[in-house]
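Q: Each protein sequence line maps, in turn, to chains A and B. Under the working numbering, the first residue of the first sequence carries the number 9, and numbering increases by one thereafter. Under the working numbering, the first residue of the second sequence carries the number 3, and numbering increases by one thereafter.
These aren't lab readings, by the way, just hints derived from the structure by calculation. Hints may contain errors.
[Claimed, not checked] Not everything, but these chain A residues come out facing chain B in the computed CB check (under 7 Å):
id	residue
1	290
2	294
3	317
4	321
5	323
6	393
7	412
8	413
Don't be surprised by glycine CBs; every beta carbon is placed ideally from N, CA and C.
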Amino acid sequence: MAKMRWFWVWVLASLFFRLVLIYFPKNLNLGSRPEVATPLTSLRRLAEGYWLKQSSISPYSGSMYHGSPLLLSVLGPLTVTRFEGQPNHVACSLLFVIADFITAILIRATGEKLQLAYSQSLRSLNLAKLLETSETLSAGDIAGLIYLWNPLTIVTCVGFSTSPIENLMVVLSLYGACSRLAPLAAFGWVIASHLSLYPAILIVPIILLLGYGPDTPPRKLFQQRNSGSNEKDPVLPVNLFSWRPVVHFILWASFWSAYVLVLCSIYLKQYGGLSEMFKRTHGFILTVEDLSPNIGVLWYFFAEVFDFFRDFFLIVFHVNILFMLFPLAIRLNHRPCFLAFVYIALSSMLKSYPSVGDSALYLALLGWFVYELADMQFSFFLFCGYVGVILLSPVMHNLWIWRGTGNANFYYATAMAYACLQIILVVESVSAMLHHDRMLRKQSTT
Amino acid sequence: MIQEHRSWAAFTLMPKRLNVLLMSTASDFNADGKLLQDVDIAATTQGELVGNENFVTKEAEPKSRAQRESENKTDGSFFNLRLTMAESVVEDSQSPKPKPRPIVRIGIFLITHSSFVSVVCCAAGILALFLLPLLAKNTYISENALMPGSANPMFSRHETVEANRLVKEIMDLKLKPAEAGIEIPRLLAQRMEESDAEVYHHKFHGKISQFRPLHFFSDIPYSGIMLENGSASHGINTVGIIRAPRGDGKEAIVFVTPYNSTKIELSEALSLGLAYSVFSLLSRVTWLAKDIVWLAADSRYGEYASVAAWLRDYHSPVFSGSDKFGADMSFGTNNLHEHKANPTTGAGKPDVFRRAGTMAAALVFKVVDKREEIEKDTLSIYAEASNGQMPNLDLINIVHFLAVHAQGLRVKVEKVHSLLNSAWLQIMGQTLESLGKVARSLNPQWKFGISVPEYVEGTATLASSLYYQALGVPTGSHGAFRDYQVDAITMEISPKGFLNNEVRRSEFLLRGGRLIEGVVRSVNNLLEKFHQSFFLYLLTAPSKFVSVGVYMIALLLLLVPLPIAAAALYSGANRLGSISKEENQVSSPASIDKPGVAFKSWRWLHAAKVVFIVHLWSAIVSLLPALINQLPEMTPMTSMLVWASASIFILLILYSMLGSPFSYPTVTQSQNSEWAILKAVMIAVASIGLGLMSIINYATAQIGAILMVPMCLIVHPLKLSCRAGSLRAFTLIACNLVLAVFGFPPVGLLMVKGWSEGFSGVNVGDFWSWAESLWAWNSATYLYLVLVHLPCWVLCIHILLHPC
């Protein structure tokens, strides 16, 4: 119980820290930082869209707002609520703090589910001796605290960006899939894809999760053990892909998406309807119209590329993500949650308007696998790299935009370094995971 | 067939990476041509695969392989089959002993020889710093549009006469000091109006230094800072604008002439006269394409404050007419009555704040009467703005070019005079000179020789350039312009003889006026902002510079050992740790629950925690002066003592709250390597800090690195060195102690001060005054000292006293 209380103390401390930071928005001025708020997630743009809507103009007119109409109807009224003596947007900030809190709790619950399932499957493989190290701290607690105390999450939460909501939806869908709640998983997935498109690729890990259940050691091991020990009853029937929850998920997903689309079309009836919405939200993501600098790698490239190559390279860049889906799904099909982590990391690296909020999410999900990845290489190097790049990025931006002594290459260099770090993180974590599987194989065969 | 399989292996996510993995695992087997089952078994060292185990694996293998293949087929998972087959084929065809790639080998070589590499790199870095005067290039005008000196000057005797008349009038006003503060602006405004310029007065308050630690990187130049104290103390800037006949009012060139309105000197009056004569000339010329703004800055609160106040108002329009002071410079029409009551404006016309578009360049010029015999009229150039920013080199180039080639002035830049006579610099110069001679005798094409006086002068200039950039405090009112990305320099002109001589004065005014006219004419030709030439450079002479690409080498050589040493320490400690872990597991399984033992690759987390605590502490320490400043009646001495004691107190509290390293139960095996990991993390963080600082302000990072890098690299627990007891250990201890004492920022500063000014006048309060001036100027050097250097020093002390 002492452990439990310790966890909650830290959670409360992190929430309190956020509340303190919310009272200094002018000094921090995070809402205008390109690392924090992208054209898609900026709350300032949302407030503008809401204002346009209130003046009976299409919220998408001009090129200010590119988010979802649903977000506009939920967050919009909050952007205009003012409290006496409080900073602007305080209501929204409080909502983001709550969203962060729920996300952390869901991450923790998912992590506990994962750990439980994993220890069961290890026991069934007679590998319980591996578990004794992992009983000191629950992986769920670690992941939740990483999410709450990660400076990137805090900055995103305080910095007037809607990323906390998107992250919440992604985690919600993973949680639903882990606990085999098809409606919840479908809801999270539909909303997350609606908000930022890229979580759509999470359908692969969600279906695997619903079909096979949470992460296990490679299924071959169970088969070997079953056939090797010649028992009458199989140890665990994990190998079977159960279609029922998957079908449920698909039905629910179509229901939710129809529901969302109907709501959107009602909201945008006079302003061009759904086609306008798709053009201005998902179309905006896919065609990379806004070339203002961010921490991604696409803006610089598309600012330089000739117009007649533009379509070609757009296809190349977007197919890049899709290209990796299937090999990864095949190799990691026994670990759907880890697969989801890899997908999120990849998409946050290659998406058109990335922000540090995306990194905050996948770094927290890394906490789920803290025992599997205990032997990950270069952890220290990655840590230093992340710290260095995150400090370097505002300095380079300052040098370029405000001092005028630098140029765009300075800032883009940090973006490239950041992308490289993420690649190294993904590669190293995947190879550590495969290494871990190999270790399990060795342990179970001897 | 094999080709096809390979292509499948290549189709997976990270083919290279996978291949390396496969290679490494394959090497663990005896490659006897047998098709081994799976990579998954192979993740052990060769030593562990002893006969029995190996035998079992091989026996079990054909069966399981066949079985799995059949399963794959029944599953219909074609990809899986292909993948596993590809794996086995790749594994089979590898040679048993793969060599790591060359780059990996180089890395390993560097890490294993880290101490040697560190010594070589540090020495090379310091040597490179002293070679910089040798590597300086001659300046050249990079922007073609400037065309300096291509037109004949129009400035003639006629203008000097007018200038002289204005000087006389101003000096007459001086006789009535009570009215001078009001009368001089009025006189200037009248003269400006006579030359058809738009005129207004700008009132401002004296700046009160405020510490805003969060504003170093803020995007918005803070606007609308109004001080509550009444209008009792304000200065009055007089501003005149000539609208260019060929321009569209979107660009401007700014002159600034600072003068003290309460106590005006002849030299200040002369600079006003000079500015007026150029101004009145420019109001008549036809070629002007950029508006001319003349700011006669009232410098009774310091030169910088008046210019900064004007620039702030220029760049931040005030829309609300509520504030009385703000309304004065807004576009309101309802405040006319105020101006009637206002004695400064005299004529009763509204003082509307006028603007003239973006500023292409700004020239601050001052006449300084040195009262000493020099052989030529001299022009001194000051260019350093806040945080080591410099104006574009082209601006300095045209001023230098016109001053030397057109007007025959002598151009000087600041230098450290005490270095001019230093013996070791002479020796260094002689060595370099003889080296250059040898090189030239070998090949006449090589020209890196340098004469001794040239080298010594270059070094002295470079040292002063470095010092002023490192301080981060602007050397004049031109610094205010750089905050708005306007290139500006201060030209300080000092005449040959005494200025009381009328003829001599006219000649001097003629030269100065022609110089300024020439510069204006060049800048007037600009089509874009200054962008062609360098922004990041150090001057070694008025016409010689070291560009960023060259001077960065010196710093990089100093910084390179840091990551290498960190990697070496870290990998060494890890090796030690893993050995001790195995011992632990054999002896006592109870030790497993200690964090740091279970996670082999995450052992740095504890050290990172210590480093984080110390950095948190330093962040608090950096904010303390803002609080201490609120306390009443503090001398620098007491402030310093309060600061120091509060810092120590907070450090102790943080240690006790978040777990001091000393309170940990002694873990005999892991403690040995713990200090090494701590040192690795500290070095890594220090290199990040220095790297960041090198981008913000190169000079600070360079000077900081000279102090910090040896301190970081050499630090070693005293207990361990004492235990060793050899001569080498004692030299290590001595080096450690000396560096630890000098590395402490206050001690370092006081030693430098004592060395240059004598030790009698040194007291502890000096550091406070110095730090106060740094944060009053928002210098990033302050942040560097407190957020990078101080925690690094504390951690060094921590490691020195480590109980191992």
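Q: None of the hints should be skipped; say for each whether it holds.
A: Hint check results:
no., hint, in the structure
1, 290, "violated, 26 Å"
2, 294, "violated, 23 Å"
3, 317, "violated, 26 Å"
4, 321, "violated, 22 Å"
5, 323, "violated, 20 Å"
6, 393, "violated, 9 Å"
7, 412, "holds, 4 Å"
8, 413, "holds, 4 Å"
Hints 1, 2, 3, 4, 5 and 6 from the list above are not met by this structure, while the remaining hints are.
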